[in-house]
Amino acid sequence: MYLENLQVADKIMKKIFDIEKVLIILKKELNLFFNSPIAYIVISIFLLLLGFFYSRPLFVQNYATLRHVFDVIPLFFLFFIPAVTMRLYSEEYKSGTIEVIFTLPLRKSEILLAKYLSAVCVIFISIILTFLYPLTLLFFGKFDIGQTIAGYIGVLLLVIFFSSIGVFSSSLTKNQIVSFVISFAIMFIFFILGKLGIFVSPTIAYIGIDPHYDNFVRGIVDVRDIVYFLSLTALFLYFTYLSTTTEK
Amino acid sequence: MIQIKNITKTFGKIIALNNVSFDIADNQILALLGPNGAGKTTLMRIITGYLLQDSGTVDIDGEIVSPEKLYTKQIIGYLPENNPLYEDMSVYEYLTFISEVRGVPIQKVKQVVELCRLKDVVSRNIAELSKGYRQRVGFAAAIIHDPKILILDEPTAGLDPNQAAEVRELIKEYKKDKTIILSTHILPEVEEVADRVVIIHKGTIVAQGSIQDLHKLVLKHNVIHFAGKFNKDLVEYLPKVISGIYNIKIVVQEDDITEYEIETEADIDIRKDLFNLAVKENWQIVELHRSSVSLQDVFRELTSS
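Protein chains in written order, with my numbering: chain A, 1 to 248; chain B, 1 to 305.
Hints should not be assumed to be uniformly reliable.
Pair by pair, the computed Cβ-Cβ distance ranges are [as the list claims (entries may be wrong)]:
hint, chain 1, residue 1, chain 2, residue 2, range
1, B, L52, A, Y238, 16 to 26 angstroms
2, A, I189, B, N18, 43 to 53 angstroms
3, B, K175, A, Q7, 48 to 58 angstroms
Note that these hints are calculated values from the structure, not bench results. Think of the CB as a built atom: it goes at the ideal place given N, C-alpha and C, for glycine as much as any other residue.
Chain A on its own, in the form it takes in the complex (with noise of 0.2 angstroms):
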């Protein structure tokens, strides 16, 4: 009986999306991605200029901290989220292999998700590399622990976040530079909104990220930061699935 009702939910999860199918087209992403030598040299210029700004005031202002580092992530994100996510789906517009994978046996919706969740393992893959950081850290000294995994969180749900709307943008148009330019101009609205605050209304504030951002790096995990950025990047993937149901 119990194996009868978990062999219909699982014919009914079927109906909606097909994990393995996903994991299939998400295996041929990274494939594809690690692939092509610009995956490798975006992914060391971020950890270069990351680890320039972990070790100079490491160094020169002898702080055992990795503030700095959460502080300028954002920034770096800018720049690095679209540079990952720009050819996810223009590339395949542009070569017509689009044609290709919509004729095959899935759902729009499984190569939304694969491909979004290819864009967030190889920043997640970038970011488990600057773990390093923290343990080094260890050996100058002690350093809050607790705070270093909020920021983590608060990091991990930025990637979250920012690759929706990489892969929204990289949806739009069969040119990755305008992908790349979209995605940025995007992330740099929240990016900014969030920080004029004594300009804008709070509520206009409160829509970046800097309000949401700041509380992780404080070492404050808040459920309704973590909302904002789900809620958020449900949005964008919203928006991808409508942009992909119609035509170029």
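Could you slot chain B onto chain A? The hints should help.
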């Protein structure tokens, strides 16, 4: 059985397809003909569920095709125009990806590699392949799941004659108990492989039927070439003894041989009468044949304007 009913599709102000309807029987090879921009690719994209039509339906074995439905996509194999492929993947990676999505066992990859003679390039990147090989990769990907319906959009475009012949061989090898829809510009190819032809021009069907049907359509009269050594002027004489001739003229006259071109009604064949007459009159005939209209003439007649 594929039923295409009243399909209309517009792109902005351009009408790509205007109320197109026809059926495709099972196990038939159907060729879509038409000049560039006639709507062939649009029609194929609608049948595969890549594009959504403005109105009308495509019905495959009772299932209505739509971009979000998976059933028809499972039974169709599709080679799109210009054969787009993931350039950064190797042939093996690409075919494995397609087989996984299609849910067919991995051994099928080996089979299609064998069938499409891709063994030598299987580990090479697709970007490095010649056009002929790329076309075979696209074809292999289209047939990997043994589709009931195979749709090929200009499978031989841009290939040299040898490569084109190879692709035609593949189609012929594959055609047993399968429905194939293909579009092409190469008319001898159609005469070689197709059972039925649909000619599209400016978004509407201008003609359809077997190749013989199409010939009849354009052939308004028979033209007979008749040459030999005659003892009288046939322009005057022939219409008096053989009925059905409505035009006769001299084409060439050299030494004592005269060549006539005789036009008759389409449904009358006067070659036997001419032969009997020649025997009776003791003429020496050097030539007696009916000139036939090629598919090329049909195509030009129907689509030039």
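Verification of the hints:
1. B:L52 / A:Y238: 16 to 26 angstroms: Since L52 of chain B and Y238 of chain A have Cβ atoms about 20 angstroms apart, the given range 16 to 26 angstroms holds.
2. A:I189 / B:N18: 43 to 53 angstroms: Given about 44 angstroms between the Cβ atoms, the range holds.
3. B:K175 / A:Q7: 48 to 58 angstroms: Given about 39 angstroms between the Cβ atoms, the range is violated.
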